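Student: Sequence:
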Amino acid sequence: MLVLKNVNKYYDTGFEKIHELKDVSLELPDQGFIVILGKSGCGKSTLLNIIGGLDNYNSGDIIINGKNLSQIKKYEWDNYRNTYVGFVFQEFYLIEENTIGKNIALVLELQGYAKEVIDEKVKNILTEVGSKVLVY
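Each residue of the sequence shown is one higher than the one before, counting from 146 in our numbering.
Among these hints, one or two may not hold up.
Below, computed lysine to aspartate or glutamate pairings styled on EDC-like, alpha-carbon distance capped at 20 Å [said to hold, decoys possible]:
1) Lys-162 to Asp-175
2) Lys-150 to Glu-161
3) Lys-219 to Glu-265
4) Lys-189 to Asp-206
5) Lys-247 to Asp-206
6) Lys-162 to Glu-221
7) Lys-212 to Glu-241
8) Lys-212 to Asp-200
9) Lys-219 to Asp-206
10) Lys-268 to Glu-254
11) Lys-212 to Glu-254
12) Lys-219 to Glu-241
13) Lys-212 to Glu-172
14) Lys-247 to Glu-265
15) Lys-150 to Glu-172
16) Lys-150 to Asp-175
17) Lys-212 to Asp-223
18) Lys-184 to Asp-168
19) Lys-189 to Asp-200
20) Lys-247 to Glu-221
21) Lys-167 to Asp-200
It should be emphasised that the hints constitute simulated quantities derived from the structure, not laboratory data.
The model shown is predicted, which means the values in this text are computed figures rather than measured ones.
Use the sequences and the hints to build the structure in full.
Tutor: Put into structure tokens, the structure is as follows:
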């Protein structure tokens with residue numbers, strides 16, 4: 146479960162604090178389909194970037210599976226992002242020199258899968274999306 150308690154994100158201009166997020170609290174289940182709706186500029190992307198570990202927050206608590214993210218070490222953030230968070234960006238953030246299959250394989254390698262498992266998973270994924278003709 147993911148829990149946010151009074152999470153704040155603001156910028157200090159020197160004259161005032163401009164809040165992007167103010168005292169955001171919510172609980173998200175382990176599984177399910179979540180939709181975040183709001184007007185342009187209301188903080189949706191900021192919230193997702195903070196949950197995803199791509200942006201910092203100023204105060205509050207983010208707790209995933211009982212662990213407070215404010216207490217994890219800097220080097221643990223990559224593991225957090227790789228294990229708990231998945232993003233579908235508007236832009237393709239792929240390594241252009243790699244095939245799609247190699248981009249998929251890289252994520253699986255970072256998760257510690259064996260090469261044989263990676264090869265099978267990549268082939269299954271490419272087949273599922275109708276891209277089995279792509280070289281892996």
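Student: Check whether the Cα positions of Lys-212 and Glu-241 lie no farther apart than 20 Å.
Tutor: violated, 35 Å
Student: Against the 20 Å threshold, does the CA-CA distance of Lys-219 and Glu-241 hold or violate the hint?
Tutor: Given that 20 Å is the threshold and the Cα spacing comes to 28 Å, the pair is violated.
Student: Run the distance test for Lys-247 versus Glu-221: straight-line Cα separation, threshold 20 Å.
Tutor: violated, 24 Å
Student: Is Lys-247 close enough to Asp-206, meaning Cα to Cα at most 20 Å?
Tutor: Roughly 36 Å between the alpha carbons, so the hint for Lys-247 and Asp-206 is violated.
Student: Run the distance test for Lys-212 versus Glu-254: straight-line Cα separation, threshold 20 Å.
Tutor: Violated - the C-alpha atoms of Glu-254 and Lys-212 are around 25 Å apart, more than 20 Å.
Student: Given the hinted pair Lys-219 and Glu-265, is their alpha-carbon gap at most 20 Å?
Tutor: Roughly 33 Å separates the two Cα atoms, so the pair is violated.
Student: Taking only the CA atoms, is the gap from Lys-150 to Glu-172 under or equal to 20 Å?
Tutor: holds, 9 Å
Student: Hinted pair, alpha-carbon criterion (20 Å max): Lys-268, Glu-254. Please report holds or violated.
Tutor: holds, 15 Å
Student: Below or equal to 20 Å on CA atoms is what counts here, so check Lys-189 against Asp-200.
Tutor: Holds, at about 13 Å.
Student: Take the C-alpha atoms of Lys-150 and Asp-175, compute the straight-line distance between them, and say whether it is at most 20 Å.
Tutor: holds, 17 Å
Student: Take a quick look at whether Lys-219 and Asp-206 sit within 20 Å of each other, Cα to Cα.
Tutor: Holds, at roughly 16 Å.
Student: Decide if the proposed pair is consistent with the structure: Lys-150 and Glu-161, CA atoms, cutoff 20 Å inclusive.
Tutor: Status violated; Cα separation ~23 Å.
In terms of the numbered hints stated before, the structure departs from hints 1, 2, 3, 5, 6, 7, 11, 12 and 20, listed from lowest to highest.
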